[in-house]
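Participant: Next come the chains, spelled out residue by residue.
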Amino acid sequence: MPSSHAASASRAADPAPLLSLRNLEVVYSDVILVLRGVSLDVGRDRIVALLGANGAGKTSVLRAITGLLPLHRGRITKGQVTLDGTSIADADAPSIVRRGLAQVMEGRRIFTDLTVEENLRAGGFACRNRAALATGLERAYALFPQLTDRRKQLAGYLSGGEQQMVAIARALMSSPRLLLLDEPSLGLAPKIVAQIRDLIVRINAEGTAVLLVEQNAAMALSIAHTGYVLEHGKVVRDGPAAELAADKDVQEFYLGGGTGNGRRNYRDVKTYRRRKRWSA
Amino acid sequence: MSDFVRFLIAGISLGSVYSLVCLGFVVIYRATGVVNFAQGGLVVLGAFMTHQLAVVNGIPFAVAVPLAMLIMAGVGLLLERVVFRPMVGQPVFAMILLTLGVVFVLEQVCAFFWGYDVVLVGDPWGVATVDLLGTMVNVSDLWTIGATGAALAAFFALFRFTTLGIAMRAGAADPEAALAHGISPQAIHGLSWAIAGAVATVAGVFLAAGPKGVDLGLGLVAFRAFPAMILGGLDSAEGAVAGGLLIGLVEVLTAAYLVPAMPSLGANFHVVMPYVVMIGILVVRPHGLFGTIEVRRA
Ligand SMILES: Nc1ncnc2c1ncn2[C@@H]1O[C@H](COP(=O)(O)OP(=O)(O)OP(=O)(O)O)[C@@H](O)[C@H]1O
Ligand SMILES: [Mg+2]
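As they're listed, the protein sequences go chains A and B.
Using our numbering, the letters of the first sequence correspond one by one to residues -5 to 274.
Using our numbering, the letters of the second sequence correspond one by one to residues 136 to 433.
Worth double-checking, as some hints may not be accurate.
Said to hold, decoys possible - SDA-like, lysine to any residue: derived pairs with alpha carbons at most 20 Å apart:
#1 A:Lys146 - B:Leu299
#2 A:Lys146 - B:His405
#3 A:Lys146 - B:Ala282
#4 A:Lys146 - B:Lys347
#5 A:Lys146 - B:Arg295
#6 A:Lys146 - B:Phe294
#7 B:Lys347 - B:Leu299
#8 B:Lys347 - B:Ala282
No lab work stands behind these hints: they were computed from the structure.
Remember, predicted model here, so these are calculated numbers, not experimental data.
Build the full structure now, drawing on both the sequences and the hints.
Facilitator: Now the structure itself:
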């Protein structure tokens, strides 16, 4: 894909985005450069899609935003991350959560040996008081009625789709202004993916901005307002979602073959990386 | 028969103290992955601390114990902050060795302040006995069972029902996912050490209660509780309790019945017996009685 694409005018259109990355550079273990000057904006009440193949650096972008890089021996070496105009590049993860950011991590990462409700309460750890926690739980069960009957069940025994819902509900517990989702459609049946897609739209309609990382570009672009395409740690395309969906290169590489059928599905080749136990 | 009841109560009493010692191990193991050999040191220090407050400073025993627990929670926090936090990211093996180092430091601290002689913790029970259903049992045994039972219940309630307890379990299960939801691993580690310190104090007080008293040798109890911990499965609090009770009963009943019946086993065979039971059970259940086999959907 040609990388000569100039920064688009859509960015300049929003003078005060909720989240903004400027020229972000991220290095792991002091030597592995994985983000090479990424800039992107998420406006208030927007859904923004971040697309890219395996290893493009999507998860690294999210880690940089949420303060999880240090856990992976990574760090921001250049550029800015601002939330509502304030820099959060040096903030630690808990304080970023308290400022209204929440994420659904890649691979769901629910607490399997906790019950559904305990998962949600863990997600509400940042809630200021009991009332906020109670409201959060109430809202979660309203949004995911199928979890109501399962609140006392161990989350590890739920189906993949239900686990993804627990992961989303858990993230919403802190009443975030911005929700980051890392490949929520991964490994799920098309019917469930459609459900998740509708949920994201609903969550957004209720006032939460969304940054949606996906390899399922068709799904992401169908609900996003704007989108970015990441390749080898650089944004190579960005613009309104409809424009991206119509773009020849995007069609060829992310929506499959340009002809519209036989679309390549990265989802199928991707396997969950076994999560590492952080032993220290 | 009445002898049996007496031994049973003594066994449960010893076992419930072992449970508390194991719980201290488990809480740190689950949060940090470290097998904390310093737990025995905390038990001794907790008992000496109670001696200091109740006997030396003359504070009423019922106030001295909670106060000692509080101070020992602080000691736990301090250890985490000063000794273990700088080591985060180092191999777990190094941390385990460090806990052994901490044992020696704690021993020296105790020797410096309280010397090498046996001292009392100032409990009001002494050698008093009470008639329970026709059997004379030690009052201190009954108090031990009651108080450790209460401590265990409080421990489980904390982990089961409070947001803090749930956060601790979440942090133990997946530290990164927990952090992503605002649960800081440092806070979890600190809290775990604080709980280990407080729990060790209760264990130490009741090990030293009655005429037994406390000296540096009390720390060896951590090694006596070791089979209980392995039995329970390193990461299971329920297992710690079950393993502790089992080992306590085995130890007391062996001393009461098996050793007199088979003197050829040696007078101290009751100390060995827990290890025999441990090995026997591990052959059948390698994960221990309650060790986790990860919950995952096929
Ligand atoms: N902790 C780490 N140390 C070193 N390199 C890393 C680390 N984490 C990720 N990388 C590398 O950084 C690059 C980007 O990884 P990242 O996980 O951000 O990509 P991604 O777009 O999320 O990929 P995927 O679709 O597979 O999730 C990859 O080449 C990866 O190997
Ligand atoms: Mg990724």
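Participant: Honestly, which of those hints from before does the structure not fit?
Facilitator: 2, 3, 4, 7
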